[in-house]
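Line order of the protein sequences matches chains A, B, C and D.
Numbers 1 to 281, taken from my numbering, label the letters of the first sequence in order.
Numbers 1 to 281, taken from my numbering, label the letters of the second sequence in order.
Numbers 1 to 281, taken from my numbering, label the letters of the third sequence in order.
Numbers 1 to 281, taken from my numbering, label the letters of the fourth sequence in order.
Treat the hints as calculated values from the structure; they're not laboratory data.
Incorrect hints may have been included.
Where chains are identical, the list cannot tell them apart; a pair therefore holds if satisfied intra-copy or between any two copies.
Below, simulated DSS-like cross-link-like pairs (lysine-lysine); rule was C-alpha separation at most 30 Å, straight line [unchecked claim]:
#1 4 x 98
#2 160 x 69
#3 96 x 163
#4 69 x 200
#5 163 x 19
#6 4 x 245
#7 96 x 160
#8 180 x 245
4 protein chains.
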Amino acid sequence: MGIKLGINAYGKNAINLSKIIRHADHHEFRQISVSVALEGDFETAHTLGDNSRILPTDTQKNTVYALAKEHFTSTIEDFGLHLANFFFSRNPQISKVKIELVEHGWQRMSFDGTAHTHAFTGGSTEKRRAIITQTAQGAQVSAGLQDLLLLKTTDSAFEKYIKDEYTVLKETTDRILATKCEATWPYTRTDLDFEATYQKIRTTLLRTFAGHKSQSVQQTLYAIGEQILLENETVKGISLIMPNKHYIPFNLEQFGMDNNNEIFIATDEPFGYITGTVVRE
Amino acid sequence: MGIKLGINAYGKNAINLSKIIRHADHHEFRQISVSVALEGDFETAHTLGDNSRILPTDTQKNTVYALAKEHFTSTIEDFGLHLANFFFSRNPQISKVKIELVEHGWQRMSFDGTAHTHAFTGGSTEKRRAIITQTAQGAQVSAGLQDLLLLKTTDSAFEKYIKDEYTVLKETTDRILATKCEATWPYTRTDLDFEATYQKIRTTLLRTFAGHKSQSVQQTLYAIGEQILLENETVKGISLIMPNKHYIPFNLEQFGMDNNNEIFIATDEPFGYITGTVVRE
Amino acid sequence: MGIKLGINAYGKNAINLSKIIRHADHHEFRQISVSVALEGDFETAHTLGDNSRILPTDTQKNTVYALAKEHFTSTIEDFGLHLANFFFSRNPQISKVKIELVEHGWQRMSFDGTAHTHAFTGGSTEKRRAIITQTAQGAQVSAGLQDLLLLKTTDSAFEKYIKDEYTVLKETTDRILATKCEATWPYTRTDLDFEATYQKIRTTLLRTFAGHKSQSVQQTLYAIGEQILLENETVKGISLIMPNKHYIPFNLEQFGMDNNNEIFIATDEPFGYITGTVVRE
Amino acid sequence: MGIKLGINAYGKNAINLSKIIRHADHHEFRQISVSVALEGDFETAHTLGDNSRILPTDTQKNTVYALAKEHFTSTIEDFGLHLANFFFSRNPQISKVKIELVEHGWQRMSFDGTAHTHAFTGGSTEKRRAIITQTAQGAQVSAGLQDLLLLKTTDSAFEKYIKDEYTVLKETTDRILATKCEATWPYTRTDLDFEATYQKIRTTLLRTFAGHKSQSVQQTLYAIGEQILLENETVKGISLIMPNKHYIPFNLEQFGMDNNNEIFIATDEPFGYITGTVVRE
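Modelling step: build the complete structure from the supplied sequences, incorporating the hints.
Printed below as a string of structure tokens:
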């Protein structure tokens, strides 16, 4: 019985790139992090130390900066498609290119109702994402978001679950529901208006979270995914990661006081980890 | 020559507290982190293991949660004043109470121009701060903010500095200016409208940063401090920490391309560290 | 065309648990983080808000603490097997239990060559891991480690790679090789001496890294995997993640000085991301 | 009443520098982070945008790398002294130079009792520190350490503290004592054997922590400081920061089980924050 190379990949991660796009009367400022991963015929690099099929990760980095000048002009989806095609078409030893892009949101400053032309404050933790994969079968675009903190102060219950000898949690009809949402959705096409589609999906995600009468994180997760699929035929399916960030009522009763769902401790760890995919059948 | 206890303090840090304030037609959601530090006559605790003058940090924590129910109803400055006075007035062994409060901003969701009654997204990294100290001489309130990311794409130069044999940096009349701002300003009084004053100062900080024709981070820092002092007689002085978060033009020339201040690398480390205080004379 | 639930899972993550194991003449101190993930028949929870098949994550957490008293007495692999079997055997709605355990290393203090009975310092960033999955087909144990910083000051080259118009990197026959290694290896059996096997594999990993004349991270990765498989017939295969943590020679030539591979800048981002699996055929 | 510049400083922080020191039969590997802070006559930079007295932080960075080649050959204290003197002696506008150095520990690999010549694993979170300040009055060296995790499983009590209506904590004669220690001690001289003195003090710190019958963190802190001062006449005083990292017994009684100080939850926040200085009188 022998030993051989199995699944493998390599690339440059966390290429931090910013661009000023200069319009006649204002500047846009964009900041993204790009990761490149390549799969292909790299067996001799592993087994023989033969680097003749290795495009160095330093070169990958330089390529991303160089191509950004002409080709990072609109969405990260469009830039990612260009990058994936560039690496794939020039490197016959590569069977799959994966480009992941994360965009940091900067907020344009505004004073007395007037948007400033070139000053910005940092955005929230929420980041927009795109994942492009290219193989001989073509390109696939997934969009998404991550680190989106969502919280609602009511319309969340958790009842009628399994009880056993280790059950301490009390049933509740009214709790805080909070999560740090990550969502990824593959598209059926690569020629979409990625900006408009993204904004529409994000709004549906927020609106469904806000309006849902939740019996569990699972039910809210499914409701979000279902609504996005109903409204967007170009979305193949959606994966959601919605950790349950616990806000626990502080025990004021031990001091002879009531806590009518007013005062909470937020705990970072441990946390409930809820993940699900909603698909078409 | 003997050995003795010098400056010392203790307390509970990072008490994570959230509150739902329930109005007739909507909920407010507040999340703060409170730190308590006590100074006083604790020598025998250190030298003899005598805990009879030690208010445990666990009790400090419980007190913060219990008092939040009735007394955390408006600004962190007001809640901090109540906490400081509570600990100081009940503990004769304490000579100084310091309460630090940091508030995390949550953004109310809004759909089609209508604010939602109870759903929120996480805010930016920016956090509002208050520091209250109480001694026998009375209470002192400082307000501030931290982790406020500021960036402008032009109106920043850096020229005519010292050159020596280790100088590599090129003079520039047009660079990105970016910082993660921390500001702290003590007030002359404890009976202010802390909300209105804070918002006015924060707006001046942003507006001055945005409008300043900067010759250096130092000059922008001073301009911000000076303007805040000019507009607010209740502000004694202001300390600003404005690290220079470098956005360095990527060297596209090595590939035969121009980089007309378009494509940048953002680096986390090392960073310039600029700090200054603007005071009244 | 309808919409339905796809792949999903839930559980409690990051359950931080410590245990003092009291021997006659000394104490052991163990600190682990446990994550539980359950898959199964949870469709109605998502679609109907029916929680009757949901074992709350809070109960999962309590169960881990309660079972630790009697069953966390040796390796994390053994404790994980007990936990997986416990959840699986009591919950017919569950088709798969996954338990991930990470152990933090504490180092016993030693003075004048004598091990202290009950005092410890924190260990390195390196953490030992175990992943146990249980289904109707039985249990599967994988062991591993993460966040193991490895560095060698020589015996690492990188040459004869692809050059193109974006190539800047210079070929080198002598560079620093550094990585933060993550490794995971599934075992063929569940009744191993997990402690001895782990230690043997870890030593092989270090020894191969140290002794290898490296032509690339990929080649070193493969050499490590191959050697571990050659020496351990109970190891099915091994996945290695070895990001290339770059130590770049600082350009002293610009100051008229030589840099004979002496002075380096360590950069966190971007980084090369090298991952590979070595398997039996 | 006018407005003017108050206390201010600037410099380059977090200069990440590594060095290979090549001996005949083995390599040393050192990794440090250096921060430079300058005070002086910088008023016109702030008020007028006049940079003629500003040594750019980029130049400071370059200088640190350049000087490391010849002058970073032994301890960080010695390298820091050289850096401080270099900046101070060449810049008449500077009244105070502060150099902070943090060293990351790498552990030489060893196989079968033989130290490897050039391979290392990452060390613990513990880092050694030095702070050098230079003014017209001369240089001052402080040494120290940070992020040193210390834990003992017994010989720690906490009793007879103040009780009030918010007291929940139970008195204990046997608890886990854990902290992340930071210590800083100024020396009386600048011509010490910094290596030997540091190692002696560190050992005393560990030994005192391990052997002390603790009635409180405060008492242990004082005992450590006192012992270090007693043994080292070149130490002026010592500042210790010893947050109380809580390990809380998990409530197994609610499941009908005993928890004889066996099973604990470690919590990150909130934490007790204990700080004190031990000085000579």
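Hint-by-hint comparison with the structure:
1. Taking the shortest alpha-carbon separations for residue 4 and residue 98, both the intra-copy value of 24 Å and the inter-copy value of 28 Å come in at or below 30 Å.
2. In this homomeric assembly, residue 160 and residue 69 come within 30 Å of each other (Cα to Cα) only across copies, at 29 Å, whereas the closest approach inside a single copy is 57 Å.
3. In this assembly of identical chains, the alpha carbons of residue 96 and residue 163 lie at most 30 Å apart only when taken from different copies (20 Å versus 48 Å within one copy).
4. In this homomeric assembly, residue 69 and residue 200 come within 30 Å of each other (Cα to Cα) only inside a single copy, at 28 Å, whereas the closest approach across copies is 40 Å.
5. For the identical chains of this complex, residue 163 and residue 19 are inter-copy neighbours only, at 27 Å across copies versus 55 Å inside a copy, given an alpha-carbon limit of 30 Å.
6. In this homomeric assembly, residue 4 and residue 245 come within 30 Å of each other (Cα to Cα) only across copies, at 26 Å, whereas the closest approach inside a single copy is 43 Å.
7. In this assembly of identical chains, the alpha carbons of residue 96 and residue 160 lie at most 30 Å apart only when taken from different copies (22 Å versus 47 Å within one copy).
8. In this assembly of identical chains, residue 180 and residue 245 lie within 30 Å of each other by CA distance both inside one copy and across copies; the values are 7 Å within and 26 Å between.
The structure is consistent with each of the numbered hints, conforming to all of them.
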